[in-house]
Each structure stands twice: as structure tokens, then as C-alpha cells.
Amino acid sequence: MSYPPFPDFVSTRSDLPRRFPSFSRRLLGLVGLILLIALGRLPPASAENAPPANTKAELVLFDFGDANDKQIRDAAIARFNKRYPNVKVTDQFTPITSWPDYINKLVTQVASGKAPDLIHIATEGALLTISKKLVIPLDEFTNSDAGKEILTDIDPTLLKGFTVDGKLYLVPEAWNNMMIYYNTKVFKEAGVSRPADDWTWDDFLVLAKRLTSGEGPSKRFGFGIPYFNFGLTPFWYSNATSVLKDNLKESNLSDPKFLEAVKFIHALVHENGLSPDPANTDPNAVFQLFATGKIAMTGGGHWPMQFFKANQFSDYDVVPWPKKAAQKTVFGAAGFGISPKTKQKALGWELIKELASSESERQAAGLGVAIPARRTVAESPEFLAQPEHAPLFYKSLSYAAPVQAPANYAEVERILMRHLGQVMADEVKPEDALKAADQELTAAMKQQEAEAQ
Amino acid sequence: MKKASSENIVGYLFVGPSLLGYLVFVLGPLIAAVALSFTHYDVLSAPRPIGLSNYARLLADPRLAIVYRNTAFFAAASVVLTVSLGLVLAVAVNQRLPGPVKYALRTAYFFPVLVGMIYAAMVWKFLFNRDLGVVNYYLNFFHVTPIGWLTSSNWALWSVILVYVWKNVGFTMLTTLAGLQNIPEELFEAARIDGAKPITAFFRLTVPLLTPVLLFNVTITMINTLQEFDSIMALTNGGPGDASRSVVMYIYDQAFRSFNLGYASAIAVTLSVLIGLLTLLQLWGSRRWVHYT
Chain A
45 MSYPPFPDFV STRSDLPRRF PSFSRRLLGL VGLILLIALG RLPPASAENA PPANTKAELV
105 LFDFGDANDK QIRDAAIARF NKRYPNVKVT DQFTPITSWP DYINKLVTQV ASGKAPDLIH
165 IATEGALLTI SKKLVIPLDE FTNSDAGKEI LTDIDPTLLK GFTVDGKLYL VPEAWNNMMI
225 YYNTKVFKEA GVSRPADDWT WDDFLVLAKR LTSGEGPSKR FGFGIPYFNF GLTPFWYSNA
285 TSVLKDNLKE SNLSDPKFLE AVKFIHALVH ENGLSPDPAN TDPNAVFQLF ATGKIAMTGG
345 GHWPMQFFKA NQFSDYDVVP WPKKAAQKTV FGAAGFGISP KTKQKALGWE LIKELASSES
405 ERQAAGLGVA IPARRTVAES PEFLAQPEHA PLFYKSLSYA APVQAPANYA EVERILMRHL
465 GQVMADEVKP EDALKAADQE LTAAMKQQEA EAQ
Chain B
74 MKKASSENIV GYLFVGPSLL GYLVFVLGPL IAAVALSFTH YDVLSAPRPI GLSNYARLLA
134 DPRLAIVYRN TAFFAAASVV LTVSLGLVLA VAVNQRLPGP VKYALRTAYF FPVLVGMIYA
194 AMVWKFLFNR DLGVVNYYLN FFHVTPIGWL TSSNWALWSV ILVYVWKNVG FTMLTTLAGL
254 QNIPEELFEA ARIDGAKPIT AFFRLTVPLL TPVLLFNVTI TMINTLQEFD SIMALTNGGP
314 GDASRSVVMY IYDQAFRSFN LGYASAIAVT LSVLIGLLTL LQLWGSRRWV HYT
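Chains A and B, in that order, are what the protein sequence lines are. So for the first sequence, this note's numbering puts the first residue at 45; every next one is plus one. So for the second sequence, this note's numbering puts the first residue at 74; every next one is plus one.
Possibly wrong hints are sitting among the right ones.
Unchecked claim - Output of the computed footprint for chain A on chain B, the stretches with three or more beta carbons under 8 angstroms from beta carbons of chain A: (1) 219-230; (2) 329-335.
As the list claims (entries may be wrong) - A partial selection of chain B residues facing chain A, derived with a Cβ cut-off under 10 angstroms: (3) PHE201; (4) ASP204; (5) GLY206; (6) TYR210; (7) GLN254; (8) ILE256; (9) GLY314; (10) ASP315; (11) ALA316; (12) ARG318; (13) ASP326.
What the hints assert, rightly or not - To give a feel for the contact side, a few chain B residues facing chain A, derived at Cβ under 10 angstroms: (14) ALA108; (15) THR112; (16) ASP115; (17) VAL116; (18) LEU117; (19) SER118; (20) MET195; (21) LYS198; (22) PHE199; (23) ASN202; (24) ASN209; (25) ASN213; (26) THR309; (27) GLY311; (28) PRO313.
To be clear, the hints were calculated from the coordinates, so they are not data collected in a lab. From the three backbone atoms N, C-alpha and C, an ideal C-beta is built for every residue, glycine too.
This is chain A alone, in the form it adopts within the complex:
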């Protein structure tokens, strides 16, 4: 282990006055340590526990996000460099397109022998990185006072998602869920009021029909389907079903409740005409249409707000996902981990402390990037500034479940979306598409299981 068992002792001794002869300094340190142990209290594992400020090293962070995320990371690195001016941090920043693509980039880079020191990954890639030993357990750091300070401020549900066999591998810094966004101006024009927080699929359908109006190019749609795996998941969860069984090892696509959910989404486009063809509309374009009032409601996490802020659009609010068999939505978190290949684990932890600090999360909250992992930041005025029901975001953790992300997440998503594409193109019946998808997914999960063993 490159991390010394008592790093504070190593680091503080060099700070002692030079008039002490070497032996005396050692003796003094030893006596101090004995005294501290005798008092039943090991030294606090905070700044004095960290590598010395003059440490010279390089750290590479494998990172994702957009321009706002980059801004937050740059500020965190600048703060880190104030403490460690001789540490060069390279932020390998990847503008994110999709989780599978991001995970692929990470896996390919590690395979090429250029493993980064720190990895920023989301729930979608967490199990893969843990199972492939791309990150190490963080217990030795999180058990310190500084670590405890971070973790006690984070909801246990978020920590659970990054914990395997009782060991935490990633420090959550932000997360997202799925809520229903509604255009308050359109609601007002249509003379409809905000639905109740415990509304149902039937209520949703009635409301979407009332909000749909016009024909052809001037048509206004009641709802814009968030057509991507994470965005569709609340439809499954709110009907008490999911793509995989709870063990994440078997397909669950033969579940009649799953078929019911798929039929519901299909009908939104092809029977009721309440949503534009989602397969042809980029998820981000849906938010543009929502902001222009062409779509009255859509689904999203906290991330659309940065687009709304940038375009000075504020006529919106959020409401929980409607329920069918269950009041449930999805969440996915992002966290920072340390690569086993790094030679600078302790230094890496110091950087993680900055990246997941209150300052970073406050900045993210102000920009509308995501929901902060820290409860104190989620309760801050920056985060609650907009929309009116912003507290519902953090509260959703009480009924949200993590997005299903086995180690072969990319393949699971690919199989589901390919078959769903045929349903949404109205070319294959939902029953037939799900039957074919179930067979393919079952084979993929069996192969995954065989490879894991």
C-alpha cells in the first residue's frame, strides 16, 4: 500500500522546528502517538492526514459532463491546486453523449494501459467498474473524519448504489431522477391546474388529452416522451415492473406489467396522438419544444434546468411521476472513485474531497446541473430557487429506485431500445417485440453470467 498507515505522523514531523535534533523529533512524535492512542483517540484524518502540500505529482481524472460541469470541475481543481500547487491535474473531460459510449471510452482507455487516477462514473457504469476492479474500496478514506463529514450529509440510498459487499467504491456528488415537467403558461392557457402529487396514469391521460390541441404543423402535444432508457424507466417502475428481475441477472420482459407499460407508451403516440414520434426526436429537442409550448408536459431530471436557465425560460414546474401500480420513479447517481493503478491514492482522495465538496455542489446547484448528493446543499436557497416545487427532487429519494445497471448495462440498453424502436415505429406489435427482446436479453444475461464466473 502506498498510503502510509499514519500519514499524519509522517507529514507533521517535517513541520516541527528545526532546532530539535532528529532523534528528539522522532521521540517526541512517538510519545505523542502513544499519548493519543492512550487517550483512545487516533489523530483526526483531515488536512493534517493528507500528503504534504509540497507533493509533486500528476493526477488524471476521467470525467464527463457538459460546459457547466467543466466549469465546476475547473473550480474544484483550482481550489485543490491552492493546497497542492505542485500537483498537475489533467481533467480528461468527455462531453457526454450516452452512458454506454462513455463507459466504452473508459474501458478502452484502461485496456490500452492508460488507466486514469480518478474515475467519474454514474450508476449506469458503477457495477461494471467495480466488477472489473477499475476502482478501489474507499473505506480507508471514508472512515476518516473528513470522509464521515461527506458521507453523513448524503442520503444512504445514494451510498447504497455505490456499495458492494459492504464497501463503498464511489463518493456520490450528484444525482438525477425523473419527474414530470409541465409548462405553467400552457396549463394556464388551457385552464387546467397542477395535478396532485399522487396522480395516476389515468389522470395523466386525461390531462394530456386536454392539453393536446390543433392539427398538422400547428399541433400542440400534451406530452413529449423522454425516449431513452433512463427516461422510460419510470413508466416501468410506476407499474411495478422493470427490464430485469431484482437480481439483475434475468430478463423480466415477459412480465405482463411490462407489456402493459409498453402498450401505454405506444398508445400515447399511435392511438391517442398525444406525443410526437419519440424515436425521431432527440431528448434535448423535446425540452426545446417544451420550452416553446409545442409540448405541454415531458419527463426529465434536474438537468433540463440548465437549458431553461440559459434560455431564460421559467414557466415550468415539476410534479412526481404518475402512478399505476406503484408510486415510484428512477434515479441514477454520479460519483468519484480511485483507480487501483494510481500511485497517488491519498492525493486522489484529497482531490475527491474537493470535487464532492459543498462548494462544488453549491456551484452545480446554482447552474442547475443536477441534484446535489449533499442534503444540506439540496436544502440551500441556490438549489430551491426554481421551480416552485424544487424540494420534490430530493424528496423523491424516499420512493425512487436506482436505474438497473448490471455490468453489461450497455448491451441491455441496446437490446431494449432496438426492439422498442420497432414498436414505436408501429411495425411490430408490442407482444411480438417484447417476446423477441426477452429471448435476446435472456441469452445476453446468460452469457454475462457465464463470463462473470
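Position chain B against the provided structure of chain A, taking the given hints into account.
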């Protein structure tokens, strides 16, 4: 003797960088792909030899037949349309037109070649949107039911072909135009004196003398279309289902989404062999229809 030897060295130095690039970026990966095709390789663990299993899997994979069929259709339609339309446009802009008009037309036709496919695809995606797109907006005036240009199995591949042709026809136009301008004017004068009508001169003189350029265009377009990836990825992501997925996209899916690099390599080997065979067949067949003056 000494002079010949030093000339050889200079020659090798000139071709050296190109040869090195070929060895590192083409031959090396090709050999690696062949070697990997006999293994199970998930990128993160070491490759495990599995003999001919990947090749046996090729025969039992129903999706492979679909993506090969899509690729063949895409390549055939794109080659025919890009080369023939390039010829028509080249002849059109080679006419006696006022200078500014001529150059404006040439620039307009060539411009899409300069635009990145992803940018172009984003615009086309917007134009082709079923419910909110410009194309269906105008068709609506003629009471045409909205068409799922990119989301219907019947239209998705045709839409990608249309975008590919729009994007690349400027290049074939340019090469054909260069070929046209190399044909001596005297030959056309002689044909006119002999009483040949413009249409006869086109088919009996222009086309035969352009056949080397046409062969070049056919070969280049065929190789490019058999390896097409970005336009399909950006426009339809291979969907709906596998309706517009190409072989190269399928290789990408297998290699970098499913992490079956061994199986992906086996597919890549079959595609390389196929492209090689088709190119040889073309060159062999060209002896019958290409005329070198």
C-alpha cells in the same frame, strides 16, 4: 551501380513514411483483427483462444444476414445514384454558362462535401422529423399522411441513402468534371462535322472517354459505402430495429457496446475479404468497359 543504389535509397525514403503508416494503421490492425477473430476478447481480460467458434457463430447469427443485406442495398443504390448524378451534374456545370453562375453552381453542389456528416445529419434529422419536420410540413399541404422518414422500416434506409448522395455527389461531380475537361474539344468538333447529335455524342464519345473516371468513382464510392457508419449512426442509429444498420455499425456494436471483440473481428475479416473480392472483380470487369485513350 552506385548511382542506382543511392536512387533506390532516396526512393525508399520517399515511400517510407507512407509505408510506415500503412504498416501501423492498416496492415498491423488487419493482422491483429485476424488473430483476435480466433479468440474470445472482452477488452479488459486477456484474449482467450476459442478456435473457429466466432466463425461458426457468423453462420448462426440472423442479424448478420440483415445487416449485410442493408449494406449491399445501401452500397448498390448509393453507387448508382452518386456516380450517375455526379455525371449529370458535371455535364450540366460544364456547359457554356456565365462565369459567376457556373462557379456558383459548382460551389453549391460541392459544398456539402465540406460539411461534417454529423452536422449535416442533425439538420436532416430535423427536416425528416415525422411530426415536426419541414419535409412533412410541406407534404401536409398536399394532404400526404406524415411519413416516418427515419423511423419507418420502409423509409429509413432510403432516407440515409438520400443524405449520403446529397453529401457526396459533389465529389463525384468534381472528379467527373475534371475528366470531362480532359477530353479534347477536337473530338466533339469532329463528331459534329460527322453529323452526330448531342445525345449521340454524349453516349458514344463523352461516356466512353469518361470510363476511367467513372471506374474510379464507382470503386471509391463502393468501398466507402460498404464501410458506412457515421451517417447511419447519426440519422437512425441503425433503426428501427435493424432496418438501417450497416455491417460496420454492427461490428462497432459487437466490439464496443457488447465487448465481443473476437466476434467483431471475425465479422470485420469477412467484410475485408468481401471488399477485396468486389474490388478485384471490378478491376477485372473494367477491362470490358473502361477505355483508356
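A quick look at each hint next to the structure:
1. 219-230: The restraint on the region 219-230 of chain B holds, since 6 of its residues have a Cβ under 8 angstroms from chain A and three suffice.
2. 329-335: holds (count 4)
3. PHE201: At about 7 angstroms, which falls below the 10 angstroms cut-off, the nearest Cβ of chain A leaves the hint on PHE201(B) intact, so it holds.
4. ASP204: Check passed: Cβ of ASP204(B) comes within 4 angstroms of chain A, closer than 10 angstroms.
5. GLY206: holds (8 angstroms)
6. TYR210: The hint holds - TYR210(B) has a Cβ within 10 angstroms of chain A, the shortest such distance being about 5 angstroms.
7. GLN254: Violated, about 43 angstroms.
8. ILE256: Check failed: Cβ of ILE256(B) comes no nearer than 46 angstroms to chain A, outside 10 angstroms.
9. GLY314: holds (4 angstroms)
10. ASP315: holds (7 angstroms)
11. ALA316: Holds, because the Cβ-Cβ distance from ALA316(B) to chain A comes to roughly 8 angstroms (cut-off 10 angstroms).
12. ARG318: holds (9 angstroms)
13. ASP326: holds (7 angstroms)
14. ALA108: violated (16 angstroms)
15. THR112: Violated, because the Cβ-Cβ distance from THR112(B) to chain A comes to roughly 14 angstroms (cut-off 10 angstroms).
16. ASP115: OK, holds: ASP115(B) within 10 angstroms of chain A, min 7 angstroms.
17. VAL116: This hint holds: VAL116(B) lies near chain A, its Cβ roughly 5 angstroms from the closest one there, short of 10 angstroms.
18. LEU117: holds (5 angstroms)
19. SER118: With a closest approach of 8 angstroms, the SER118(B) hint holds.
20. MET195: holds (8 angstroms)
21. LYS198: holds (7 angstroms)
22. PHE199: Because about 8 angstroms separates PHE199(B) from the closest Cβ in chain A, which is inside the 10 angstroms limit, the hint holds.
23. ASN202: Holds, because the Cβ-Cβ distance from ASN202(B) to chain A comes to roughly 5 angstroms (cut-off 10 angstroms).
24. ASN209: With a closest approach of 8 angstroms, the ASN209(B) hint holds.
25. ASN213: Holds, because the Cβ-Cβ distance from ASN213(B) to chain A comes to roughly 5 angstroms (cut-off 10 angstroms).
26. THR309: Interface hint status for THR309(B): holds (9 angstroms vs cutoff 10 angstroms).
27. GLY311: holds (8 angstroms)
28. PRO313: holds (4 angstroms)
Against the hints set out earlier in the document, violations occur for numbers 7, 8, 14 and 15.
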